[in-house]
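Participant: Sequence:
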Amino acid sequence: VVHVENPYAYRCPWNSSSIEECGERALAHLERVIKFENPESVAAIIFEGESGSSGCIKYPPMYFKKVRELCDTYGILLVDDETMSGFGRTGKMFGIDHHDVTPDIMVMAKGLTSGYLPLGAMTVTDTIANYFNDKPMLLGLTYSAHPVSCAAALENIKILEEGNLVDKAAEMGLYIESEVEKLKAKHPSIGDFRNTGLLGCIELVKNRKTKERTTPWNAKPHEMEATLRMAAKIRELGMFTFVRWNWIFIAPPLNVTKEEVDEGLKIISEALAIADEYCN
Numbered sequence: 001v002v003h004v005e006n007p008y009a010y011r012c013p014w015n016s017s018s019i020e021e022c023g024e025r026a027l028a029h030l031e032r033v034i035k036f037e038n039p040e041s042v043a044a045i046i047f048e049g050e051s052g053s054s055g056c057i058k059y060p061p062m063y064f065k066k067v068r069e070l071c072d073t074y075g076i077l078l079v080d081d082e083t084m085s086g087f088g089r090t091g092k093m094f095g096i097d098h099h100d101v102t103p104d105i106m107v108m109a110k111g112l113t114s115g116y117l118p119l120g121a122m123t124v125t126d127t128i129a130n131y132f133n134d135k136p137m138l139l140g141l142t143y144s145a146h147p148v149s150c151a152a153a154l155e156n157i158k159i160l161e162e163g164n165l166v167d168k169a170a171e172m173g174l175y176i177e178s179e180v181e182k183l184k185a186k187h188p189s190i191g192d193f194r195n196t197g198l199l200g201c202i203e204l205v206k207n208r209k210t211k212e213r214t215t216p217w218n219a220k221p222h223e224m225e226a227t228l229r230m231a232a233k234i235r236e237l238g239m240f241t242f243v244r245w246n247w248i249f250i251a252p253p254l255n256v257t258k259e260e261v262d263e264g265l266k267i268i269s270e271a272l273a274i275a276d277e278y279c280n
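Every letter in the sequence shown is one number past the one before it in the numbering used here, and letter 119, counting from 1, is 119.
There's no promise every hint is true.
Stated by the list, open to error - Here are the computed lysine to aspartate or glutamate pairs in the EDC-like style, where the Cα-Cα straight-line distance is at most 20 Å:
{"hint": "1", "residue 1": "Lys258", "residue 2": "Glu155"}
{"hint": "2", "residue 1": "Lys182", "residue 2": "Asp276"}
{"hint": "3", "residue 1": "Lys66", "residue 2": "Glu21"}
{"hint": "4", "residue 1": "Lys65", "residue 2": "Glu20"}
{"hint": "5", "residue 1": "Lys258", "residue 2": "Glu177"}
{"hint": "6", "residue 1": "Lys184", "residue 2": "Asp276"}
{"hint": "7", "residue 1": "Lys110", "residue 2": "Glu161"}
To be verified - Have a look at the derived ranges for each label pair, beta carbon to beta carbon:
{"hint": "8", "residue 1": "Tyr175", "residue 2": "Arg229", "range": "23 to 29 Å"}
{"hint": "9", "residue 1": "Ile46", "residue 2": "Ile159", "range": "42 to 48 Å"}
{"hint": "10", "residue 1": "Ser53", "residue 2": "Tyr143", "range": "24 to 30 Å"}
Hints are computed from structural coordinates only; laboratory data are not their basis. Just so you know, these numbers come straight off a predicted model, no measurement behind them. Just so it is clear, CB atoms sit at the ideal spot from N, CA and C, and this is done for glycine as well.
With the hints as extra help, turn the sequences into a complete structure.
Facilitator: Take a look at the structure:
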């Protein structure tokens, strides 16, 4: 497995002046890695339809279309991981739908049943499926196609569609973005907020100009003080959300109301007051 840099515009590895420029340089970097590794040795490029626990990185416009073009040029499969971003989380049924790109393979879980029962699934293009028409596919697990989990998935999808929850996630995401923008004026520790639908992340810094992280990536225990204090405050006030390093994630249920968003952001604001103590 070979990892490549994300087009992480807020901390662009190539010091780009815009998200578009960062995207172009990330694509050039990706192609260099493909060539260095030898395209014939690269089976697939795997990515998330929308970035999740890696910091909700916002992909630049046209980025994935050009990744698709690279895959087609070099004969590489494009694998889309929708475990976090699938089933309405981003305001579209799948995260990749924001980019108008068709992957060769899509994997999904979590939102498939809304977590009520464990279930994962994989879809493939006709080209891949037809390959196995006259060839054995040696794939089978004891609990594959469990009927109870599959029934939960079908009912879950029905609820998403009948309740118009995907569109509501997009609408509520815009509301969250406007409210977090207000928090920026109050909390100097907010360096950036990246959000798509109901999949968002506040990035915390000690200084907005230098972008020094409140907590470093892969922090040692003694460097985790701010993160641990913020996470404890959020739990103390009756809410749970993922707090990782210098990121606070905002990913409420798709049926969240404005009143619940307001309540949650009020709690996060109290946690941000702790992060503000570390600003310089």
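Participant: Now look at each hint and say whether the structure bears it out.
Facilitator: Taking the hints in turn, this is what the structure says about them:
1. This hinted pair does not check out: Lys258 and Glu155 have alpha carbons roughly 25 Å apart, beyond 20 Å.
2. With a C-alpha separation of about 15 Å, the suggested pairing of Lys182 with Asp276 holds against the 20 Å cut-off.
3. The straight-line distance between the Cα atoms of Lys66 and Glu21 is roughly 14 Å, inside the 20 Å bound, and the hint therefore holds.
4. Between Lys65 and Glu20 the CA atoms are separated by roughly 13 Å; this keeps the pair inside 20 Å, and the hint holds.
5. A C-alpha spacing of about 12 Å is found between Lys258 and Glu177, which places the hinted pair at or below 20 Å, so the restraint holds.
6. As the CA atoms of Lys184 and Asp276 are separated by approximately 11 Å, the hinted pair is consistent with the 20 Å bound.
7. For the hint linking Lys110 to Glu161, the alpha-carbon distance of about 17 Å falls within 20 Å, and the restraint holds.
8. For the hinted restraint 23 to 29 Å between Tyr175 and Arg229, the CB-CB distance of approximately 28 Å keeps it satisfied.
9. Separation of Ile46 from Ile159 is about 29 Å and departs from the stated range, judged on CB atoms against 42 to 48 Å.
10. Separated by about 26 Å at the C-beta atoms, Ser53 and Tyr143 satisfy the suggested range of 24 to 30 Å.
Of the numbered hints stated above, those contradicted by the structure are hints 1 and 9, listed in ascending order.
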